[in-house]
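**Q** Go by the hints and put chain B onto chain A.
Number of protein chains: 2
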Amino acid sequence: MTDLLARRAAVLGPNMPTFYTKPLHLVRGQGVHVWDADGRQYLDCYNNVPHVGHCHPKVVDAVASQAATLNTHTRYLHEGIVTYAERLTAKFDHDLDQLIMVCTGSEANDIAIRMAHAVTGKVGIISTDNTYHGNTHLVTQLSSRKPPIGGYAPFVKRVPSPDTLRPLGGSLAAQGQAFAASVQDAIDALVAEGHGFAGFMFCPVFANEGLHDLDPAFLQPVAQVVRKAGGLLLCDEVQPGFGRCGSHWWGHDRMNIAPDVVTLGKPMGNGHPVAAVVTRPDVMAAFRNAFGYFNTFGGNPVSCAAASAVLDIIEDEGLVENAFQSGRALTENLASLNHPVVASVRGTGLFVALEVERDGVPATDVAATIVEGMKDAGVLMGRTGRHGNTLKFRPPLPFSKDHAAQVAQTLDTVLRGLP
Amino acid sequence: MTDLLARRAAVLGPNMPTFYTKPLHLVRGQGVHVWDADGRQYLDCYNNVPHVGHCHPKVVDAVASQAATLNTHTRYLHEGIVTYAERLTAKFDHDLDQLIMVCTGSEANDIAIRMAHAVTGKVGIISTDNTYHGNTHLVTQLSSRKPPIGGYAPFVKRVPSPDTLRPLGGSLAAQGQAFAASVQDAIDALVAEGHGFAGFMFCPVFANEGLHDLDPAFLQPVAQVVRKAGGLLLCDEVQPGFGRCGSHWWGHDRMNIAPDVVTLGKPMGNGHPVAAVVTRPDVMAAFRNAFGYFNTFGGNPVSCAAASAVLDIIEDEGLVENAFQSGRALTENLASLNHPVVASVRGTGLFVALEVERDGVPATDVAATIVEGMKDAGVLMGRTGRHGNTLKFRPPLPFSKDHAAQVAQTLDTVLRGLP
Numbered sequence: 016m017t018d019l020l021a022r023r024a025a026v027l028g029p030n031m032p033t034f035y036t037k038p039l040h041l042v043r044g045q046g047v048h049v050w051d052a053d054g055r056q057y058l059d060c061y062n063n064v065p066h067v068g069h070c071h072p073k074v075v076d077a078v079a080s081q082a083a084t085l086n087t088h089t090r091y092l093h094e095g096i097v098t099y100a101e102r103l104t105a106k107f108d109h110d111l112d113q114l115i116m117v118c119t120g121s122e123a124n125d126i127a128i129r130m131a132h133a134v135t136g137k138v139g140i141i142s143t144d145n146t147y148h149g150n151t152h153l154v155t156q157l158s159s160r161k162p163p164i165g166g167y168a169p170f171v172k173r174v175p176s177p178d179t180l181r182p183l184g185g186s187l188a189a190q191g192q193a194f195a196a197s198v199q200d201a202i203d204a205l206v207a208e209g210h211g212f213a214g215f216m217f218c219p220v221f222a223n224e225g226l227h228d229l230d231p232a233f234l235q236p237v238a239q240v241v242r243k244a245g246g247l248l249l250c251d252e253v254q255p256g257f258g259r260c261g262s263h264w265w266g267h268d269r270m271n272i273a274p275d276v277v278t279l280g281k282p283m284g285n286g287h288p289v290a291a292v293v294t295r296p297d298v299m300a301a302f303r304n305a306f307g308y309f310n311t312f313g314g315n316p317v318s319c320a321a322a323s324a325v326l327d328i329i330e331d332e333g334l335v336e337n338a339f340q341s342g343r344a345l346t347e348n349l350a351s352l353n354h355p356v357v358a359s360v361r362g363t364g365l366f367v368a369l370e371v372e373r374d375g376v377p378a379t380d381v382a383a384t385i386v387e388g389m390k391d392a393g394v395l396m397g398r399t400g401r402h403g404n405t406l407k408f409r410p411p412l413p414f415s416k417d418h419a420a421q422v423a424q425t426l427d428t429v430l431r432g433l434p
Numbered sequence: 016m017t018d019l020l021a022r023r024a025a026v027l028g029p030n031m032p033t034f035y036t037k038p039l040h041l042v043r044g045q046g047v048h049v050w051d052a053d054g055r056q057y058l059d060c061y062n063n064v065p066h067v068g069h070c071h072p073k074v075v076d077a078v079a080s081q082a083a084t085l086n087t088h089t090r091y092l093h094e095g096i097v098t099y100a101e102r103l104t105a106k107f108d109h110d111l112d113q114l115i116m117v118c119t120g121s122e123a124n125d126i127a128i129r130m131a132h133a134v135t136g137k138v139g140i141i142s143t144d145n146t147y148h149g150n151t152h153l154v155t156q157l158s159s160r161k162p163p164i165g166g167y168a169p170f171v172k173r174v175p176s177p178d179t180l181r182p183l184g185g186s187l188a189a190q191g192q193a194f195a196a197s198v199q200d201a202i203d204a205l206v207a208e209g210h211g212f213a214g215f216m217f218c219p220v221f222a223n224e225g226l227h228d229l230d231p232a233f234l235q236p237v238a239q240v241v242r243k244a245g246g247l248l249l250c251d252e253v254q255p256g257f258g259r260c261g262s263h264w265w266g267h268d269r270m271n272i273a274p275d276v277v278t279l280g281k282p283m284g285n286g287h288p289v290a291a292v293v294t295r296p297d298v299m300a301a302f303r304n305a306f307g308y309f310n311t312f313g314g315n316p317v318s319c320a321a322a323s324a325v326l327d328i329i330e331d332e333g334l335v336e337n338a339f340q341s342g343r344a345l346t347e348n349l350a351s352l353n354h355p356v357v358a359s360v361r362g363t364g365l366f367v368a369l370e371v372e373r374d375g376v377p378a379t380d381v382a383a384t385i386v387e388g389m390k391d392a393g394v395l396m397g398r399t400g401r402h403g404n405t406l407k408f409r410p411p412l413p414f415s416k417d418h419a420a421q422v423a424q425t426l427d428t429v430l431r432g433l434p
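Those sequence lines, one after another, are chains A and B. The first sequence begins at 16 in my numbering and counts up by one. The second sequence begins at 16 in my numbering and counts up by one.
Hints listed in this document are in silico derivations from the structure and should not be mistaken for laboratory results. There could be a bad hint or two in this list.
Taking lysine to aspartate or glutamate and the DMTMM-like style, the derived pairs with C-alpha atoms no more than 25 Å apart in a straight line are [what the hints assert, rightly or not]:
(1) Lys106/B <-> Asp18/A
(2) Lys390/B <-> Glu94/A
(3) Lys37/A <-> Asp391/A
(4) Lys390/A <-> Asp380/A
(5) Lys37/A <-> Asp374/A
(6) Lys37/B <-> Glu387/B
(7) Lys106/A <-> Asp51/A
(8) Lys106/B <-> Glu347/B
(9) Lys161/B <-> Glu208/B
(10) Lys161/A <-> Asp297/B
(11) Lys390/B <-> Glu101/B
(12) Lys73/A <-> Asp297/A
(13) Lys243/B <-> Asp112/B
(14) Lys161/A <-> Asp178/A
(15) Lys161/B <-> Asp203/A
(16) Lys243/B <-> Asp230/B
(17) Lys106/A <-> Asp391/A
(18) Lys37/A <-> Asp230/B
(19) Lys390/A <-> Glu94/B
(20) Lys73/A <-> Asp76/B
(21) Lys73/B <-> Asp380/A
(22) Lys73/B <-> Glu332/B
(23) Lys37/A <-> Glu94/B
(24) Lys106/A <-> Asp18/B
(25) Lys37/A <-> Asp18/A
(26) Lys37/B <-> Glu101/A
(27) Lys161/B <-> Glu101/B
(28) Lys416/A <-> Asp297/A
(29) Lys73/A <-> Glu94/A
(30) Lys416/B <-> Asp297/B
(31) Lys37/B <-> Glu94/A
Only chain A is shown next, with the shape it has when bound in the complex (with noise of 0.2 Å):
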């Protein structure tokens, strides 16, 4: 592994990422298993691209055989993208009736907000501050973490992110209205500088903000203030979205909100690079005539194989019901656990977090600790959150009771043998 890491930092660069102290050479993965090149197994609580379970052999199969019969473009026709597309957004209400297939979140997103910016003929874009939307130019304006090269576009405006343990206004009660004023406060500076007012891109679980326990009313205030100032809601489901919440499909359903874009990655072709912009006619009608756009890998034949493979398995195999009740056993048995370091355990579905505290304070640290002890231990998860205090807990859907047992087992040893 050691040649591997040397290998690996000549031809990718030294300060590429991994995770973990000692990083992970991993080799093989099925359902919600992988393994590592000594072959040992861990319980993969990480990653949700795999969404319908690693190497899903439907998904497998139905890229092999598209892969070997055809594969173009958009600019010819095909039934494989009809064909998801009626799929797909059969699956969405608010008249969210057209897509634009694409192969990544990011580009997902940097689209969604040139839809804002056709359908108002404005510039002015909304954020969180401790969110992350994707990693084109356009996409990082939204995130605070790295201010880019010459400056942050003046036409992006972040809010503080909402909070579980540390509530805008001063209680969970407050919230919904106090981020609602300082979505109004942004739509009014954009205003006042001559950028005007677009739209609002969230995540409708607040995922990279730490997950936070929020009422399904929460977002109808700031909902009413966006709506009132001619803006869209940009709704980035790359993380909720395809049935991880455990009760709805999709975010925004479960917070009552009716986005005019929502935008779909990650899990979607279980791992192939696909993504998806879906939208209302007219926002695609106004995209359409603002921007000549054409994606040449995007909604290809292997790609939409794969999404639909993806839809097939989770409808088959009852996949969003799996989540709501594995993700309810989870945050139980989370719950349970009895440890001081324990200030909040929250989620939705197969998205659970647990924030860790001491003293009152977030405890960064420990919660690193907690992440390289539970891979020790034989289980990969991570950590979110403005502080990285939260823990993160996101497997693939086909996590079952026991496992959910096993996972707060795991962490219950590892929460003792804390320093």
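**A** For chain B alone, kept in the frame of chain A given last:
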């Protein structure tokens, strides 16, 4: 097909473009041929994505085998990306020893521009005025085809493209200096306006500008100007790369240029969505220090397997040499056509252009009629250039001299049938 078109318009939007007056409904591909839903065979002289041939079984097998084994991301260690990166960078000179893998050429060019930002600390970028480098918000600023909502970014300047029949500076001999002079003017303007100069992005065969017939010394003056101003040469090899030029693996080596950053895309995975940025270690370090870049799908084991299979096939089947030989045959066959609309035949390897004029004027409509006629006669091809009057032949590389003869013969018939 009428039904499929209507269903397509309903879910993708009514103004989603297709090729041809009567769009083609493809169902199968193999080697240099595709078949439509009626079983009709076409010789494919358009598609450069299926670089080693449609549905090459070795690519299909590599993708299927890896997809059944493991498909994760680059925050775990994996042999696949390291081995591929070593093989690919070995094909580059000029200390271009490191890479970032992404999913699309657009993502690659979006990074390349930010590499220039990171190295120089400036933001000004220059491109030609009839180019296309991709579809992200940033990269579309380099195209003059459709101004974005809110106007063009002021830090991008566009300079007149080189041309074969209407050369800058009045003659082919003067064109290199004239091109360099306009880049110098653009640099001066960027500096005067406070943006500073970061880099010049170009396709080394000027494919979208019309695939112009440029002496290998053409780019020397502009390279000197860019270097002297401290800017980076950002070379978009999405179209010319991977041996299409026949004489070399990369277009920049054909033009005797040492770029600072090279971007790769379409042919890299034979249709699997994979792309890359190749650069020197010092540029990579500057980029990674300035930006926290991660791409979920980029460099995943399946993408690396597809890309590795493409390298194997190019080498095993001698496809670069074949591009040289068959490309020469195609160029010679086309040049031997005797018809008044043929104003210029030019190209490199299996990237060949035939410019169409009437009475010394670019004949866009005639070129469009020819493309439709060729399709009806069983040959797929496209158009390029500022006026869309340049026929473009860009087939998969396993294209033989017999195919070249067939194309010329078919074109002869179509030209004779022109109104």
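**Q** All hints are to be evaluated individually against the structure, with a verdict given for each.
**A** Hint check:
Restraint check: the Cα-Cα separation between Lys106/B and Asp18/A comes to about 22 Å, which is no more than 25 Å; the hinted pair holds. Only pairs whose Cα atoms come within 25 Å are accepted, and Lys390/B paired with Glu94/A is accepted, the gap being roughly 21 Å. For the given pair, Lys37/A sits about 10 Å from Asp391/A by alpha-carbon distance, which is consistent with the 25 Å threshold. At roughly 16 Å between alpha-carbon atoms, Lys390/A and Asp380/A fall within 25 Å of each other, so this suggested pair holds.
Taken as a hint, the Lys37/A and Asp374/A pair is broken in the structure, with Cα atoms around 29 Å apart against an allowance of 25 Å. Between Lys37/B and Glu387/B the alpha-carbon distance is near 9 Å, which keeps this suggested pair within the 25 Å criterion. This hinted pair does not check out: Lys106/A and Asp51/A have alpha carbons roughly 37 Å apart, beyond 25 Å. A C-alpha spacing of about 29 Å is found between Lys106/B and Glu347/B, which places the hinted pair above 25 Å, so the restraint is violated.
Distance hint between Lys161/B and Glu208/B is fulfilled; the C-alpha atoms sit about 23 Å from each other, no more than 25 Å. Distance restraint check for Lys161/A and Asp297/B: the Cα-Cα separation of roughly 20 Å lies within the 25 Å cut-off, and the hinted pair is therefore satisfied. Simply put, Lys390/B and Glu101/B have alpha-carbon atoms about 41 Å apart, too far for the 25 Å limit, and the pair is violated. Restraint check for Lys73/A and Asp297/A: the C-alpha separation of about 36 Å exceeds 25 Å, so the hint is violated.
A C-alpha spacing of about 24 Å is found between Lys243/B and Asp112/B, which places the hinted pair at or below 25 Å, so the restraint holds. Between Lys161/A and Asp178/A, the direct Cα distance comes to roughly 21 Å. Compliance with the 25 Å bound is thereby established for this hinted pair. The hinted pair formed by Lys161/B and Asp203/A fails the criterion: a straight-line CA distance of about 30 Å is larger than 25 Å. Between Lys243/B and Asp230/B the alpha-carbon distance is near 22 Å, which keeps this suggested pair within the 25 Å criterion.
With a C-alpha separation of about 40 Å, the suggested pairing of Lys106/A with Asp391/A is violated against the 25 Å cut-off. Annotation: proposed proximity of Lys37/A to Asp230/B is violated, straight-line Cα distance about 52 Å (limit 25 Å). Using a Cα cut-off of 25 Å, the hinted pair Lys390/A and Glu94/B holds, with the two alpha carbons roughly 21 Å apart. Restraint check for Lys73/A and Asp76/B: the C-alpha separation of about 16 Å stays at or below 25 Å, so the hint holds.
Straight-line distance between C-alpha atoms of Lys73/B and Asp380/A comes to about 47 Å, which puts the hinted pair past the 25 Å bound. Taking the CA atoms of Lys73/B and Glu332/B, the gap is about 12 Å. The hint holds against a cut of 25 Å. Of the pairs offered as hints, the one joining Lys37/A and Glu94/B holds, with about 16 Å between alpha carbons and a cut-off of 25 Å not exceeded. Pair hint Lys106/A plus Asp18/B holds up; C-alpha atoms about 22 Å apart against a cutoff of 25 Å.
Distance check on the hinted pair: Lys37/A and Asp18/A sit about 13 Å apart at the alpha-carbon level, within 25 Å; holds. For the suggested pair Lys37/B and Glu101/A, the alpha carbons sit about 23 Å apart, so the restraint of at most 25 Å is met. Taken as a hint, the Lys161/B and Glu101/B pair is broken in the structure, with Cα atoms around 39 Å apart against an allowance of 25 Å. Between Lys416/A and Asp297/A the CA atoms are separated by roughly 44 Å; this puts the pair beyond 25 Å, and the hint is violated.
For the given pair, Lys73/A sits about 19 Å from Glu94/A by alpha-carbon distance, which is consistent with the 25 Å threshold. Between Lys416/B and Asp297/B, the direct Cα distance comes to roughly 44 Å. Violation of the 25 Å bound is thereby established for this hinted pair. At most 25 Å may separate the alpha-carbon atoms for a hinted pair to count; Lys37/B and Glu94/A meet this at roughly 16 Å.
This entry does not satisfy hints 5, 7, 8, 11, 12, 15, 17, 18, 21, 27, 28, 30, going by the numbered hints stated previously.
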